[in-house]
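Once you have looked at the hints, place chain B on chain A.
Chains A and B supply the protein sequences, listed in that same order.
So the first sequence is numbered by full-length UniProt numbering: it starts at 1 and just counts up by one.
So the second sequence is numbered by full-length UniProt numbering: it starts at 1 and just counts up by one.
Errors might be hidden in some of the hints.
Chain copies aren't distinguished; within one or between two, either way the pair holds.
Unchecked claim - The calculated BS3-like cross-link candidates involving lysine-lysine, where the alpha carbons are at most 27 Å apart (straight line), are:
#  : residue 1 : residue 2
1  : K381      : K233
2  : K279      : K311
3  : K311      : K135
4  : K330      : K311
5  : K186      : K279
6  : K330      : K279
7  : K230      : K257
8  : K135      : K381
9  : K311      : K282
10 : K381      : K254
11 : K345      : K254
No lab work stands behind these hints, which were simulated from the structure alone.
Nothing here was measured: the structure is a model prediction, and the numbers come from that model.
Number of protein chains: 2
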Amino acid sequence: MIRSWRNLSTLAAFRPCAQYPARSASFSTSSAARANRAIVYTQVGHPAINLRTYTFPTLPLPSPGSVNIRYRLSPINPSDLNVIEGAYPVQPDPDMLLSPDGDLFVPGNEGLAEVTAVGDGVQSLSVGDWIVVAKQQSGTWVSARTVRAEDVVKLPKGDVSEASAATITVNPPTAYNMLREFVDLKEGDWIIQNGANSAVGQAVIQIAARRGINTINLVRNRDDFEELEKRLKALGATHVLTYDDLVARRQFSKQVKEWTEGAPVRLMLNCIGGENVTKMMKVLGLDAHLVTYGAMAREPISIPASPLIFKGLVVRGFWQSRWYETHGRKDREELMRAIINLRLKEPDHEIVTIPGGLDDEEAGQLVRATIRRVSEGTVGKKILWRIEEPAD
Amino acid sequence: MIRSWRNLSTLAAFRPCAQYPARSASFSTSSAARANRAIVYTQVGHPAINLRTYTFPTLPLPSPGSVNIRYRLSPINPSDLNVIEGAYPVQPDPDMLLSPDGDLFVPGNEGLAEVTAVGDGVQSLSVGDWIVVAKQQSGTWVSARTVRAEDVVKLPKGDVSEASAATITVNPPTAYNMLREFVDLKEGDWIIQNGANSAVGQAVIQIAARRGINTINLVRNRDDFEELEKRLKALGATHVLTYDDLVARRQFSKQVKEWTEGAPVRLMLNCIGGENVTKMMKVLGLDAHLVTYGAMAREPISIPASPLIFKGLVVRGFWQSRWYETHGRKDREELMRAIINLRLKEPDHEIVTIPGGLDDEEAGQLVRATIRRVSEGTVGKKILWRIEEPAD
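Isolated chain A, as found in the complex (with noise of 0.2 Å):
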């Protein structure tokens, strides 16, 4: 639902929440005291003119079956701004704990919660445990939350950093359910990406390496490329190119070629889209899949027909919350144990917290100077909010 920006104005003053049912002696250890503040937004469009804060107060009792959440990180990721955009295929629901009228957004799809009270009949989650909510476009960018118990992955507290366990239900879980949900790929075996230095890329390289398998990593050419070679090659990247490598195809063919010593290469990961795409594909083997999860060129990929009849390639696509909609609790719990695992290295990142001494105008000001600064794409590494609860 896309209200005028105008309703905006409505915000700044306190909407008491005649909906909140009466509090009850078990209520929460969260202070009545504290409110609590949301990013929210009313209509898409720019993130760094559309974003505001919101305070709200403290949250009622969980109703049965549902926990209440406070949420101690939650990354800025590229499809957040998508979504606030109007430019993903998933929008959230308006919050309606937040503004009964529905005008009310609040983006982020990924963070890391610990859990601050349980309704009744939730006998798998307790009091402190560490969650994440493996629902799409459930509403990250908040300080607390009520959630349904069916929607919530415990993770083991002690065994996972906070930054990646704030960023544990997207990138990690793309990257291993790739490597094993077209291919069945053995030891030894040879796959290709582009977007290497991505945060899908660099889990790619690493679950690749712990299962022996080989990795050919494309990246952006650069002044400092040693560097990054360097580094992707501490990750576990067998070998490390540049775009520029892609012209003279010729010479990257055979050098590929070199590499595997004719073994076929099995499986293209793809996030970038445009004519390298096309490129790359030439030294993929019988039968090898391509997938596609992100376009950060924005551009198609063009598929000759030769190899689709020919080499029987199979092009298709990854979508993280696809996956999560069609795979129950067992499988999400499963998977979020083995990506825990497999001990990634923990994301480069940096902390923004909204401090609770800010009012929503000085807190949505800052709001908006980070999302510029990530839209400007200098920043280099993933950025993590840190909501605190709003000062009396």
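Below, chain B without anything else, positioned relative to chain A:
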């Protein structure tokens, strides 16, 4: 193996075949006094220039496990011309019976033959049986040949016309398999295809109609569109459109939605390529498959990331030759039986007889003149060779 053009001059003289085994009393129904004829080439190049005919003696008795066959009708398929041009990924082996030097190639991938002699140990075949060879590039443009019984599929003689049987191994199975191998289509489902007037396209229409599957069929605009539409609808087409109708994309999508009453289009078949494919793709539903089996426009297809990632689109190819390679005799026979039982309309065709009375020079001229007609693309129907045994 590609030899120089000059080698052809050696063909003028009849080549005695010293490698033939001694004749046995049980040998064949053919008269030893009559010889055979093949259409041949010695090097890849334009078929209207490079093809010759070549006369060779009566076949020896088939060795154990083999049968001798006489071809009744062998079609000219577009891929045959690609093979002769060297523009196909599979080339025939040199015909070592015709020339032990390995410098003669016999084109032809399809055709109806009759068994004329049966080698020891072959239980399943008798003299007079109608058969097809389900082995790619076996060289069917020949009056007679010895083949391994295991490569042969027997047809029920009275159940199918000569022209249908001669064109049964490539196009109808391509249509039949594409409609069953990728998407589990149910009665009432919708599919879309381009090149709907091609041999495969017409088979798709008929097979889909038998199964209660609705087809949206795209063809080139032409003066006699209404006539073609009527003809395809008589075969069972649900709707027939021209590529011009794709230009008004919104209208096209809306039209399709009205027809399908919102049901998803689950399969798209493509033998053309180019930008129209991207336009047609937009009407596909969740988890649809786009299957390419040809590239008449000789242009790649352009695939945006969004349908791959968010709609689960799978883009792949189909090649009937590969299917035969990966399926055994039982599967092949079942396939032929299933297709014969569908009673598809006999293809519009013209039979070009290479009369036994012509010498090789005259016969070669007739072959090249026929190929020129096919290359011009104005024949409008399938041409089938009937290669008579040359007179003494």
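Evaluation of the provided hints:
no.	hint	result
1	K381 x K233	within (19 Å within a copy, 59 Å between copies)
2	K279 x K311	both (15 Å within a copy, 25 Å between copies)
3	K311 x K135	between (37 Å within a copy, 18 Å between copies)
4	K330 x K311	between (37 Å within a copy, 25 Å between copies)
5	K186 x K279	within (25 Å within a copy, 38 Å between copies)
6	K330 x K279	neither (40 Å within a copy, 40 Å between copies)
7	K230 x K257	within (23 Å within a copy, 53 Å between copies)
8	K135 x K381	within (25 Å within a copy, 56 Å between copies)
9	K311 x K282	both (10 Å within a copy, 26 Å between copies)
10	K381 x K254	neither (35 Å within a copy, 44 Å between copies)
11	K345 x K254	neither (33 Å within a copy, 49 Å between copies)
In this structure, the hints that do not hold are numbers 6, 10, 11, in rising order.
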